[in-house]
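Enquirer: The lines below spell out each chain.
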Amino acid sequence: MSSDSTLFSNRWLPVLLVAPMMLLIALFFYVPIFQAFYWSFFLERPFGGGSEFVGLDNFARVLADPEFWKAGWRTIIFMVTASSLAVLVPLILAVAADRKIRLSLPARNVLVWPKGVAGASIGVVFAFIFNPFVGILAPLNSIFPGIWAPGINGTDAFITLIAAHVWGGIPFNFVILLAGLQSIPRTMHQAAAMDGAGPWRRIFDVQLPLIMPQLFLTLVLEFTESVTSAFALIDTITNGGPGGATTLLVYKIYMDGFSGYDLSGASTQTAILMVFVIILTAAQFIFLGRRVNYER
Amino acid sequence: MKISVLAAATALAMCAGAAHAADIEFWYGNTGNVETAIKAQCDAFNAAQSEHRVTCVGQGSYEVGMQKAIAAYRAKNHPVLIQFFDAGTLDLLLSGAVVPVQDVLPDVNWNNYIAGARSYYETSNGKLYSQPYNSSTLLFYTNKTELEKAGVSKTPVTWEEIIEAARRLKAAGHACPFVTDGDTWRVLEQFSARHGLPIASKHNGYDGLDGEYVFNTTFAAKHLANLVEWRKEGLVKLNADTKAGNYTAAFNTGECAMMEGSSGSYAASAKAFEGKYEITVGMAPMYQGYERHNTFVGGASIYIMKGHDKAEIEGAKAFLDFLRHPQQQMFFTAATGYVPVTNDVLDVIAESGEADSPKYATAAIGIESMNQPHTPDTRGIRLGFYVQFREVFMEETQKAFAGQQTMQVALDSAKKRGDELLRRFEQTYKGAKLP
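Line order of the protein sequences matches chains A and B. Those letters in the first sequence? Residues 0 to 295, per numbering that gives the first Met the number 0, in order. Those letters in the second sequence? Residues 0 to 434, per numbering that gives the first Met the number 0, in order.
One or more of the hints may lead you astray.
[Unchecked claim] Partial list, computed: chain B residues near chain A (C-beta under 10 Å):
#1 63
#2 371
#3 424
None of these hints come from the bench; they were simulated from the model. Cβ atoms here follow ideal geometry from the backbone N, Cα and C, with glycine treated the same way.
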């Protein structure tokens, strides 16, 4: 990389350009996070006044609460299944679109469109698609009554959530992975083909190793994002139900804090979730990131 | 940039403040035809006088209204008047953010309010904290046309009769005899109240913050277990079992033949039934052998928030006076089905010659239901983090309906989790005294 000084003549210019963004991040991220950490050491009344310092009591209580662990466990299951699928499905699509198969050009365009749809809208649409009476699985229900019941069966509700999340994750990951695939020089494919490698072999031995940086990027982003971005889907599709089966930690925090007015409990869980995400990302960089070769 | 915007906003606010001495805001949470009625009342108030001007701001739901009020109060940007729902009563009483309406309006004859409505919102020494607004209570609705088709000519009154009717409906091929959403307010609170059962010790928290939940040991536990059995039998359906996906919608479209629902949904049901079905509405069902007690007042009431100047308080008083007016209460009842809870309105309705008109159908029944004999356990609910408890109760009972655990196990764990909430509330408000 060239040094920064060649890009900017004035050394304060880059700082100035970044400042508005930093201000926004500070205002809407660091300040609230600091507030959450602060409140997690207090018993805070909703309307203020009479807040009491309780040290680590909130943490002790939250960590001893089986509901917290259940929600945490559900978060991890969602994170692993939904984000792996949210990378795997676009990867398959990208590999297909990269080969000059029929309709791959329009597909490249169409597959990006969902990026423009907000999470909550995706949720509303999927709630309809997976409706047991009018959705795509309704015929199944008329043959085997009650086999698909996301309003009663927690597993069904969870599957709906994952499907919606994967669908919403397709565009971004697809673009990144496709860009990675397209930047692989054609000569590599040709050389491999000359050496007798079939299409599958070329995918596993040439393409996948060469798009490791992109795969790593999408995985890291997906893992961290799935922890929080599921909120819009849960809020519109399941409301955390049935029986709390889709209450991921991020939704539990919202319900405790905003519906139950338990600011301290919600703050404490926010702090714990935040630390968890930081550790998770760090672990990914330490264990996975080192193996990624960015040179071509 | 930021500063100039702020300056402009301040200037604007000052201008506005100078133009109208009492420009007040009222936040409410209802949507649909209730919101339409609220807006009509606001417009009527603004048209009726020129001294004050009320701006009514819809928040989309009671919960969101409360969230915003908390944030606004902390930012000192809160409205003068705010509508809160029943479950938030204790949070408001201890918040220090509101002034009792009876202090602000000492000359009003508050005894005009029926006892059932007063007891929910008043202090231990009988001072009304908020002005009841859209008051509702639990009623029992049937689709008379469908019942008669199945050979049920007498409208059921008791649970035993409901189940008998439901069996007949099922035998006649009806897919959804009775529908409920299993909501805490309907299946636990109103059930316990009218059967005279306590939900928590210390008279549902009225006698102190150190109460404990007891509903898992009362007859309510038996009723909830019955609901599970009846659902297995195909007599009772929940939201998710219906095509409509929602119990009131399922009843309104004729999919379900009976439901327990708020009086506030009467207008919508009656309108949906027009020309298709005949509707009946009566007091919520009892089990045979139990003496009927009052049902709780539900819906919401209006609080005056602290920290406003004299002119704004004057505006708030004028608006509250306006809403209390019998004519306004009658309009609201006719438009929504919410129950008027002052005695004078009932007299006016009786004299109007329209007492039997369907638009006032819920008024007399609702009042009768709330005026049944009281016990100290049927005054209301004064339990901490109660909104959160409602969620916990729903979560645990849903698991029982799905067959993951028995209803008794569900109720036991709801009690356990509820008690933890109560203890934390007690600790959060350490030193606070119930007003």
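Enquirer: It remains to establish, for every hint, whether it holds in the given structure.
Expert: Consistency of the hints with the structure:
Because the closest C-beta pair between residue 63 of chain B and chain A is about 8 Å apart, less than 10 Å, the hint holds. Because the beta carbon of residue 371 of chain B sits about 31 Å from the nearest beta carbon in chain A, more than 10 Å, this interface hint is broken. Below 10 Å, beta-carbon pairs count as interface contacts, and residue 424 of chain B has one with chain A at about 9 Å; its hint therefore holds.
Going through the hint list in order, the structure does not satisfy hint 2, though it satisfies all others.
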